[in-house]
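Turn these sequences into a full structure, and let the hints guide you.
Protein chains in written order, with the numbering used here: chain A, 100 to 544; chain B, -18 to 274; chain C, -6 to 432; chain D, 32 to 411.
No lab work stands behind these hints, which were simulated from the structure alone.
Quick reminder that beta carbons are idealized off the backbone N, C-alpha and C, glycines included.
Hints may contain errors.
Stated by the list, open to error - Not the full set, but computed from the structure, chain B residues with beta-carbon under 8 Å of chain C:
| id | residue |
| --- | --- |
| 1 | S167 |
| 2 | F173 |
| 3 | N175 |
| 4 | E186 |
| 5 | L210 |
Stated by the list, open to error - Chain D is faced by these chain A residues, among others (derived, beta-carbon under 8 Å):
| id | residue |
| --- | --- |
| 6 | A238 |
| 7 | P240 |
| 8 | R278 |
| 9 | I279 |
| 10 | D411 |
| 11 | S415 |
Spelled out from the first residue to the last, the chains are:
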Amino acid sequence: MSQGQRWKTRPLEFWAKAKELRADWQKSIEKQDKVVGQGNTGFADWSAAFPAITVIEDNPAGAMISHKNPPFARKSRLACEIRGWGREICGYHNNCWGGQFLGCQDDGTPFPYRRFVVPFPCVCDSHGKRGQQCRDFEAMPQWMADQCIYFGPRDARRDEPMLEHKTWCQLKVVNDIERIFGQPLDEEEYIRQLDTVSVVRAYAQEISVLMAQTIPTPLSVKDLYSVYTIGGLTKVNPDDTIAFWKLVRDEVKWRADNQIAAVGNERFRWIEAHPPSWHMLKYYRYLEKFGAVCLGSQYSHMMSGGLQRREDGTISGNWELEPKGTAPYPADTPLATREDIVRYSFGPDARYPYTFKIDEYLYPDKIVEFAGMMQADGALLGLWRCGVGCTMTRKEQAMRLRDAGYQVLLYEGSQPGDRTDLDEKQFFDRLDGWMESLGLERLED
Amino acid sequence: MSKYGIWPECVWRSPEMNWRAARRITAGIDAGTTSTQAAVLCDGALFSYASLATGVDFNRSATLAMERALEGTDMTVADIHAMGRTGWGSANVPFPAQHIDEVQCHAKGGRFLFGPEVHTVVDLGGQTCKAIRLFDWDRVRDIMMNDKCATGMGRSIERLCELLEIPITEIGPRSLEVQTDPEPVSTTCFAFANTETMGLFGRPEFRAEPLSEAEVYASHLFAVAWRILGTIGKLQPLDVGDIQVYGALGFTGGLAKNPGITRRIERELKVTALESRYDPMLAGAIGAALLAG
Amino acid sequence: MKGQIWETRPLEFWAKAKELRASWQNSIDAQKQVLGQGNIYFCDWQAAFPAIRIVEDNPNGAMISNKSSSFARKSRLACEIRGWGREICGYHNNCWGEQFLGYQANGEPFQYREFVIPFPCVCDSHAKRGQQCRDFAPVPQWMDDQCMYLGERDAAREAPMLDHRTYCTLREINDLERIFGQKFDDEKLHKLIEDHFLIEAYARDISYYMATTIPTPLSVKDLYSVYTIGGLTKVDPDETVKFWKMVRDEVKWRAENHIAAVGNERFRWIEAHPPSWHFLKYYRYMEKYGAVCLGSQYTHMEGGAQLEKKADGSIDRRDRLFYPKDTPLETREDAVRFFKTPDAREVKHFKIDEYIRPKAIQEFAEIMQADGAVLGLWRCGVGCTMTRKEQAMLLRESGLSVLEYEGSQPGDRTDLDEKRFLDQLDAWMESLGLRKLED
Amino acid sequence: MDQFKQLVENRHAYAQSWKARTGGKVLGWYEPYFPEELAYAAGILPVRLLARHEPDDRSEKWMYAACYPARDILNQFLKGRYDYLDGMVTVEGCQWMYHAFESTLRSRPEFWNHYLFLPDYTDAPTSKTVLRSELQVFQEKLEAWTGRTVTDADLDWAIEVYNKNRLLLRQIYELRRAQEPVILGSEMMHLILADQVMDKAEMNEILERFLEELEQRTPHRDCIRLMLIGSETSDAALEEMAESLGANVVVDELDTGSSYFWNNVLPQKDRLMALALRYLGRPHNPIKDNNWRRRPQHIFELYEDFSADGVIIAKQIYCHLHGTDNYAVWKLLRERNIPYLFFERDTTLPEEETRLRLESFLTVVRQGATHVCGWHKTLA
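The following block contains the structure:
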């Protein structure tokens, strides 16, 4: 037991499996027998319903490059800049697409040029324009879609034309891929992907709720980061995904029931607003020396689909509660035609999928509610110079948290995938200052 | 009706198949401009077929073709569950059949004749040349047809054989007896091409001795093959490089039986076309039968 | 030679002409020069750049048709399958099929063009020439116009047109300097302008002697080895001037000493446009009847429509519009305006003459003292076919015997049935009472 | 038969009755870049010369290997069908049309005529001044011919009438965007053709009444949506055939179609320069689309805007201009994976030959058209 340790800790069992699945995803995108496309298929991976189509999102690739290979990330960002991409463009984008201009990936292998572009609909403009890198580089099949938005509670009348629009765009994508690449869409597999998402979401919700309600938290954010993309941003075989999330849920539940803490000396719980700097994850451990554990952000809990507090104070998934969330279509909805499947995948709420970003967009004080649910004591918010979606409303959120009595520390940097403008020495001095201002000194182990 | 320009009419019946045991019997009629075919299929297998020259009346030719296909079996038209019709004279087919367009029939028929690995089916018909690019699951990806006029098609070879008094079955093999192909005739417009070909027999002005008979046939058929290459090449050409064929190639239609044209196209494309057990003229009728109902 | 009436001698300039033509072909080197597509017509301003080389596709297309029919066929097919219509000019399909195939007739890789300057002409096929490179790859490109109006010269109407054409040429030269970083030598341009007018003068003399002398010292097949030197096929400017002077002198001497191009000349005939480049042997075939061809306004391109019948019936140089010789040329714009001459329509070019004055062919037949005409009706190549049938009617009105034959285009051998064409020629000659003088 | 088809077929009678009514002159024009406003301001009725479908028995002597519209227009002149015209004018454009113009002049020298130069290079600053000067010359010639001066007021009135006409045409044309349009391709094409052979003021009234009539119409059922591009046409035979096969031409990029009225004259103090800028800035046809390519991009924008499913390229045989542009258009359609059917038209539209091609093409398109397969609107 380290100094100041109050609870038992145990190494995580699902850790090895998480690494293995992540490696599987990496291998799957390098296999050449598939037609590789750029874009986001949403939580349900409809591209798996085609015999040989793969859709790769550039976010995880960009984050990985920033984490593993800063020199290549620098070269890649320069390659984008000299060709006109602005320095205020999201780091993931510059890290990943510089390789397209350089012709190679960070490990020296040839760049996997994309052959089509599917949309990446999101309130974040950077996502909205994502795919432009391949489209402007050379002519290829490309499609668009929209993240529909309106303010206030759900309004079925406004949802109806938006749902038609989203269904039309998605149907055009799958029909055109069939026509152009001549691969028949397997509608059974599409349905299976949708079922996988609903099962995984349930598990992820339980994990998030356990992290929120249990003191000490069975899982800290650095453990959650090795889990949260499996089946989301990094798609692997559906059965493995369900089995893995069940494995994680069971372990977290057992740890919560047995008061096994992620951080033995937990005495200060803090949250974030957005992903950290992927090249500098070590600051989580640094704060743990002060007994300060991070519960993550709405971003890191993305697989749970967002949390909400019931009247009785308990916490549940976003759409269980009217009026803000709307339950997806019931599981036994008949799916006769391809259009039914696509409508089922979107659910009745045009603003779905309810990712954290939309919450921020529509409910600026959502972060205060999140801090409350996580029983947090403070928040550490990054102010990113580029990556518009990661920075919008950040200062406003800091003001609202301070009004609600939370201790908030702001620090500046470029973007989670871009290490420029982040003075690490200065950042750690700030952390020391913050901890000391809260009367927490370092618990040397 | 002249005897040189017509493919020999044929009738065939599967010796071992008992049609009564079949759960589903379909038939297809391809009433083309130059020839008419009827094919009967039992549960997707070819039971019998007949092929004859179209002559003047589509109606009569279609009826005759179906009668010959059913000749010698006790099957009647009433036993057929579903029937498809296609081709230029499809509207004149006197049976209760569903009209299906030619490209779908030749695509489906081509996959029946050459198997699923065929990706480019080229129909060398009496008046139109259709190049069809397929995907694995007989989804038609792209079609190209000769721009407008029937130059270089079955009808013109038919007239040529009558003029040169050589059976249509022999002009192809005879034209392959040359070492190298001579300069092709300057046009494939069959009115001018035929007179130019006749002229090649005369005493040449700027050549030591006149062309041999084989060289004259080669000169004409080489020009026809080159014209068809234009249609095949338009199926999604590359930016740079020679003509490329997508996947395996299969010829259907009357001219597919003329090696003088098919061998020359294969030589230029550097591929060998797939062969089929059945007569390539049947592709349209078989496709109509498979797609019927 | 049977039926020979005049003395004949081999042409001395023949070897030099072959040498210059070969040097044009070999001098196109993509490694050392920046290759462009287009036509700079007569004043060879490209020579004022250190390493800019503008290659016109007409001579290249005609050469391919003449040398290798099988390659020309492959090249035309490569264009057709990518969408180029079958009614597109043969030179174009022969030359630009190489671009799609990626290799030339001799097997070497295709020399891709790096920029496109315009090919202004009334012929739409020329006006849209260069589109092959532009649509294939985004290369720097410029445009210009063949300005046109009908009727007599109208100075007021020509002023904005002259500004337009000067602007376009100036912009080309300035942009080439900016993009490829090669300094344009303005002094050399003045020299090139003088060479240009000298060559025109020599060419006009040659046309004059061919027209006014019976028997003609030069037939069209000899003129074809000369007429593009310095025009469509540009070689070293000084050599070009020396060569044209040599040819003029030899033709002058032959005219004065009655040395005939064709010993048994007894029937002079003209054409309207270039022949089928793969079938030039029909000139010798006609010479068996003592019928010599004087060419067309096209073949006298350099001299061009620069002869006319004066009031007193004599044939002499046509008075044309020039800025005075001693005009001061301070700026580059002055030089460009000077060599473009104050004539916005450039009536000296045969195609423009035809466009404005359909009767031009009657005048040409009269000047050349022709007895008949053989006019090709080309299925593709709009500029070579426009007004052709109308010209046949006009020639018949002025008493000439006219034969029309059909084909695709001078650079495309499809649709020309050679056997049938020779039969037509035989019948035509016999209808004029001429029989072969078998030697 | 729809009213506009009748107007097109009786265009000769209409022009003659207009002359009787107004006593004005009728001017026939060949090329789509002809600045009609100038003639209209001088009290003249500009009429587009459209071809019919007859063998070129009389013009065959004059022209060889020319496209059918040029041959046919000359044929009609030689047969006296256009005797009621007072004059003819053409603009620098396709050589076949110039050939028809020039040969007609040789056979009918008594016609008043004018040749107006419009640069092929439309983008240069000097192109504007050249065209303005040509418009000036044309105006002076018109004034000499009609004996009345064309004042600024006349020009403003003419520009206003023509802009209103283009606005009305565009309002009707936009109705074709609807998933279930109230107006089919054939009727729209007849409407645009009728517009080009009638007095614009009278046509504006007809179009206003027609707009009200369209509001009461029940929309046609959703079906395959096609785009038609290629050489100019003078009838709607192809659109009618597509409709008989269960498709509908929803948008076109033809010189006789949308390109005729797509952009307006932006009035400015210098009226002639306003006209020059309009005609140099209109959607280009191949002879004027020489500098950086605009046509392929314009075609793609229309295709996407009107959510078409496939493209038909109907090129006239011997049309060397569309033959030259084909490469760039096919290349764009291939890059964007847009299915297209290419074939050549001639004097007449061979019924069976074209039906066969169109039917096969529609079957291929129907498989991939999202709005057709798997969309909640039930489809025939």
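Here's how the hints hold up against the structure:
1. S167: holds (5 Å)
2. F173: Holds. Min distance 7 Å.
3. N175: violated (11 Å)
4. E186: Holds, because the Cβ-Cβ distance from E186 (chain B) to chain C comes to roughly 5 Å (cut-off 8 Å).
5. L210: Hint on L210 (chain B): holds, closest Cβ of chain C at ~6 Å, below 8 Å.
6. A238: Given a least distance of 4 Å, the restraint on A238 (chain A) holds.
7. P240: holds (5 Å)
8. R278: holds (3 Å)
9. I279: holds (5 Å)
10. D411: violated (41 Å)
11. S415: This interface hint is violated because 33 Å lies over the 8 Å limit.
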